[in-house]
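Chemist: As a plain string of letters, each chain reads:
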Amino acid sequence: MTAFFHHFMYDFRVGLRNKSLLLLNYLFPVGVYVIIGLLMTGLNPDFAPTMIPAMILVAIMSCTLLGLPNPIVESRNSGVYRSFRINGVPASSIVIIPMLTSFLHIFLVSAFITFSAGPFFKASMPTHWGYFIMILILAAFNMASIGLLIGVVAPNTNAIPLFSQSIFLPAMMLGGLMIPSSLLPPTLYRISLLLPTTHAMNAWRGMAFGMTTTYAPAWGLLVLLLSGMIAFVLAIYLFAWDPKNRRRGQYPWLAALALLPFVISAILLPV
Amino acid sequence: MSDEVVVIRDFHKSYAGAPAVAGVSFTVQRGEIFGLLGPNGAGKTTTLECLEGLREPTSGSLNIMGIDPTRSPNRLRDLIGVQLQSSGLPGSMTPREAMQFFCAYHGVAPRHDLLERLGLGEKVNAQFSSLSTGQQRRLSLALAIAHNPQVVMLDEPTAGLDVGSRVELHDLMREMQAGGTTIILATHDMAEAAKMADRVAILLKGKIAAAGTPTQLTAKGSGLVKISVSSEDNVLTKTTQALPAVAQQILKDEYVIYYSQDAGETVPAIFDMLKAQGDHLVDLRVERPSLEDRFLEITQPSQTNGGER
Numbered sequence: 051m052t053a054f055f056h057h058f059m060y061d062f063r064v065g066l067r068n069k070s071l072l073l074l075n076y077l078f079p080v081g082v083y084v085i086i087g088l089l090m091t092g093l094n095p096d097f098a099p100t101m102i103p104a105m106i107l108v109a110i111m112s113c114t115l116l117g118l119p120n121p122i123v124e125s126r127n128s129g130v131y132r133s134f135r136i137n138g139v140p141a142s143s144i145v146i147i148p149m150l151t152s153f154l155h156i157f158l159v160s161a162f163i164t165f166s167a168g169p170f171f172k173a174s175m176p177t178h179w180g181y182f183i184m185i186l187i188l189a190a191f192n193m194a195s196i197g198l199l200i201g202v203v204a205p206n207t208n209a210i211p212l213f214s215q216s217i218f219l220p221a222m223m224l225g226g227l228m229i230p231s232s233l234l235p236p237t238l239y240r241i242s243l244l245l246p247t248t249h250a251m252n253a254w255r256g257m258a259f260g261m262t263t264t265y266a267p268a269w270g271l272l273v274l275l276l277s278g279m280i281a282f283v284l285a286i287y288l289f290a291w292d293p294k295n296r297r298r299g300q301y302p303w304l305a306a307l308a309l310l311p312f313v314i315s316a317i318l319l320p321v
Numbered sequence: 016m017s018d019e020v021v022v023i024r025d026f027h028k029s030y031a032g033a034p035a036v037a038g039v040s041f042t043v044q045r046g047e048i049f050g051l052l053g054p055n056g057a058g059k060t061t062t063l064e065c066l067e068g069l070r071e072p073t074s075g076s077l078n079i080m081g082i083d084p085t086r087s088p089n090r091l092r093d094l095i096g097v098q099l100q101s102s103g104l105p106g107s108m109t110p111r112e113a114m115q116f117f118c119a120y121h122g123v124a125p126r127h128d129l130l131e132r133l134g135l136g137e138k139v140n141a142q143f144s145s146l147s148t149g150q151q152r153r154l155s156l157a158l159a160i161a162h163n164p165q166v167v168m169l170d171e172p173t174a175g176l177d178v179g180s181r182v183e184l185h186d187l188m189r190e191m192q193a194g195g196t197t198i199i200l201a202t203h204d205m206a207e208a209a210k211m212a213d214r215v216a217i218l219l220k221g222k223i224a225a226a227g228t229p230t231q232l233t234a235k236g237s238g239l240v241k242i243s244v245s246s247e248d249n250v251l252t253k254t255t256q257a258l259p260a261v262a263q264q265i266l267k268d269e270y271v272i273y274y275s276q277d278a279g280e281t282v283p284a285i286f287d288m289l290k291a292q293g294d295h296l297v298d299l300r301v302e303r304p305s306l307e308d309r310f311l312e313i314t315q316p317s318q319t320n321g322g323e324r
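Protein chains in written order, with the numbering used here: chain A, 51 to 321; chain B, 16 to 324.
Everything labelled a hint here was simulated from the structure, so no lab data went into it. Any given hint could turn out to be false.
[Said to hold, decoys possible] Calculated lysine-lysine pairs in the DSS-like style (CA-CA distance at most 30 Å, straight line):
hint: 1; chain 1: A; residue 1: Lys294; chain 2: B; residue 2: Lys253
hint: 2; chain 1: B; residue 1: Lys241; chain 2: B; residue 2: Lys253
hint: 3; chain 1: B; residue 1: Lys222; chain 2: A; residue 2: Lys69
hint: 4; chain 1: B; residue 1: Lys235; chain 2: B; residue 2: Lys210
hint: 5; chain 1: B; residue 1: Lys253; chain 2: B; residue 2: Lys222
hint: 6; chain 1: B; residue 1: Lys267; chain 2: A; residue 2: Lys294
hint: 7; chain 1: B; residue 1: Lys253; chain 2: B; residue 2: Lys235
hint: 8; chain 1: B; residue 1: Lys253; chain 2: B; residue 2: Lys220
hint: 9; chain 1: B; residue 1: Lys235; chain 2: B; residue 2: Lys222
Just so it is clear, the structure is predicted and the values come from calculations on it, not from any experiment.
One chain only, chain B, in its complex shape (with noise of 0.2 Å):
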């Protein structure tokens, strides 16, 4: 059996004639962690509804464990579990109902230790209308993986949860991992992503912009290090002396920000002008460059280090 649990080929998503989605193509092997990312429209959600079954794409095939969402969507209802971007529940509706509700159509017992475990233990005769933002995630995301699905995904999962929260779901992402579901995340959060995911795609006006594992992707950059300074009487931000290897430089508050091609020429380079003009270092810092920076240089080019984000 393949290990390409989901196989996505030339996929185009229009709505009323304009492309939502257009020529996506990627695999996601199993037991792995694949992030989707891309700003606002670029095309995830639509990405995942189309392989949830809940749109038809307009052309181009979609696959999870060797079923086509579009034509057999019941087939696939017991091996994925979906947590939307929207918690659609009856407002009525309380967690253990829900729990019941859902495990039954799924035909498996009711998973109320996933309730406590995700925080909800108090709430669970509370009617979903009166959970907050984070609670109603968190029951989302119960049920999504309650029936113990072979495939999760995921649309902004940490979207509205505190931080306890966000860990506990990073922990528990990792514990369906170690057990073999693969997991499709979709995110704005790069932090998370770069956490996360074994690999990502970024999506960017229904296109993959690049796609990789986090390392391979900074990699792919421009590679610049962000070097920042500040010193007692800031004659850095006076000189007009320039650095070796320093690509741009930037004022930003008591700091002086380096873009350089090389720290081990500049961080030197910016010492001995210090101690030259008699100055002392209060604070330096060195920053490779995140997946937040790689995703900011293929989503936003013009911005690119054109200023502090």
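Next comes chain A alone, as it looks inside the complex (with noise of 0.2 Å):
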């Protein structure tokens, strides 16, 4: 436990010693928070209900999808696993600490995202705070198992965006953060349903802002959970030590299982 510990304060510093971690994790999320208040606030008064849960998959996805995967490819490249390895780390901690840490970013985050939305940018708060908690926890666990499994199964630093940027910019565009999904046209409408801030944003609207809703959010949060799991169980089974000795590495397309959960949902879910 003391190891873990230590582990855990270690990745946690790392957060915030790391200048581009630093970035992902705070400043990134809350410039976009800060601007996108001051522009969409005064451009759409419907964007204030919906604020707060928007900036917070923002942050979530800055710190997870965009944040995680790098620390994890540059550490197995370069010997670091290989170092923790013959001493004794087990590669789960490998693997959940990276996401834990990224919990407390998050919260942290979407603390001061909360709580400074509504006296700044007049945005609603959460009409039910546990259902609110909940699907923040379920959405970051979410993202952070992708974010994981793209930092295992990419070959290098240079195909991560190609993986992240898939997700992120779609779901900034398509994923409800904006604007409602249900007013995008059918097509668009039926491809943000392969997104997961969609899910999210549609079970934050029914379930802890008492807004309607185009399908039921109870499906949202399964998806979420089905997709998060298993891309927490491929990440720890596809993890290599070091990129030479990849026992399973032969078949990273076991990782696009993660997905599927989405699909099925976007062939499913009313339009």
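Combine the two chains into a complex, taking the hints into account.
Modeler: Dropping the structure here:
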């Protein structure tokens, strides 16, 4: 337990000490929050009711999809994990601890957004805090698992943006952050169901903010949970200690299984 | 309990069908310093990495204190200490954090005194990426031995170290050996192997080309003694007269170098020749064959005694 604690504290400190991670964990999401808050609340008054969850999702994506994979790939390819292995650091710690420290960074930024958005931008507060926090945890778990999986299967740092941005950019445009997914044309709406942010926003709107939703929020939560669990298990299964010794690394396509719940939701959920 | 701490039998390792190690067998005794020598690509690091459980052998058996590193690598973690050839630590980790981190996983108190002893006292809060190569190597060594392992594997431990650090490392190795620690040392440094190792094995193209104590290995060589002579008028460079017991003769700068089968015959003949020609001796050195000479005989047989190395 002491080792786990030392590892956790070290990893958390790195999230503040490393300039790239500090940018992705705090500066970028807070910067986006301030800019979007200033612009969108003036341009679109309907944005205020969902501003808090939308900005929290930006923070989650920045910390997980953009921030998590790089250190994993760098550590594996530079021999850090080999050092860890010969000193008895278990693979599960290497996968779980970055996820837990990401949660901590996400919760800190989320708390800042949640408690400042009301006074500064007249954003609506959640009507049901329990659901609000539950969906926050579930969305963070889902995207942290996907971020870990990207780090595990990406062969080098150049490949990371290919995977990360294929979720981050569509999520920013179609994922219900700036405009409700229900306003999208049917084809784009169908595509938006492939994104975790669509399901998280739908669940937040219905369960935490008492707004109307296009489908039952529980389905979205189930999709987030299943996809997160598949991604997490695959991240541990496909984890390699070093780039030359990938016992299971020849099957990176297995990672696509994490997207299966989203694909099924896009096929089955009503438009 | 057997005194054989490390037992390797008919060990083979191939990468994509290309053999890196082909049938290596050796044992290492408790408290022994065992040198693993060989040119680049000979299979030293592959052998160590399979012993450490980082790679799986293609065939054969490897065993450390009764534990198969392939099947039970986790049982070995607290028993062995490893300094890898390339020091891999996160760039933002400080030596103090690294010591706490790894000692916590080994379940022992952090040995900050080792950092002091290895000259890292002023760098305990510096990030790993800001340390020099030598400092990174010393930190890697401190981490390898901090949990008092019974077997320590050092892969090129003195690469990048200055003279003072090298001496400190050798002192530390002797202390560990006195405490019963077994050390496997993979090195390119023949002088270090000759000085530190109780026994050595020379790996060549994945096989053991020679093994034994450094003294035994050098004795098994050609046995030619190197005699270097320099004189005021350099008459030795001009004479064609053969000297007794000389197998080969070369010129290097101001010196004539003889490789002699019997220095007792050759040296007096050199004095006689100088006296007869009216020349005066400036310098004369008689050197027994070193482990490096023997190593080169084995690894580069065509070049042995074929020129100054």
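Chemist: If a hint holds in the structure, say so; if it does not, say that too.
Modeler: Hints versus structure:
Using a Cα cut-off of 30 Å, the hinted pair Lys294 (chain A) and Lys253 (chain B) is violated, with the two alpha carbons roughly 58 Å apart. Restraint check for Lys241 (chain B) and Lys253 (chain B): the C-alpha separation of about 20 Å stays at or below 30 Å, so the hint holds. Distance hint between Lys222 (chain B) and Lys69 (chain A) is unfulfilled; the C-alpha atoms sit about 48 Å from each other, more than 30 Å. Proximity of Lys235 (chain B) to Lys210 (chain B) is assessed by CA-CA distance (about 18 Å); at most 30 Å being required, the pair is judged to hold.
Restraint check for Lys253 (chain B) and Lys222 (chain B): not satisfied, since their Cα atoms lie roughly 45 Å apart, outside the 30 Å limit. For the hint pairing Lys267 (chain B) with Lys294 (chain A), the CA-to-CA distance comes to about 46 Å; that exceeds 30 Å, so the pair is violated. A threshold of 30 Å between alpha carbons decides the hint, and for Lys253 (chain B) with Lys235 (chain B) the separation of about 34 Å lies outside it, so the pair is violated. Between Lys253 (chain B) and Lys220 (chain B), the direct Cα distance comes to roughly 42 Å. Violation of the 30 Å bound is thereby established for this hinted pair.
Of the pairs offered as hints, the one joining Lys235 (chain B) and Lys222 (chain B) holds, with about 18 Å between alpha carbons and a cut-off of 30 Å not exceeded.
The earlier numbered hints that this structure contradicts are 1, 3, 5, 6, 7, 8.
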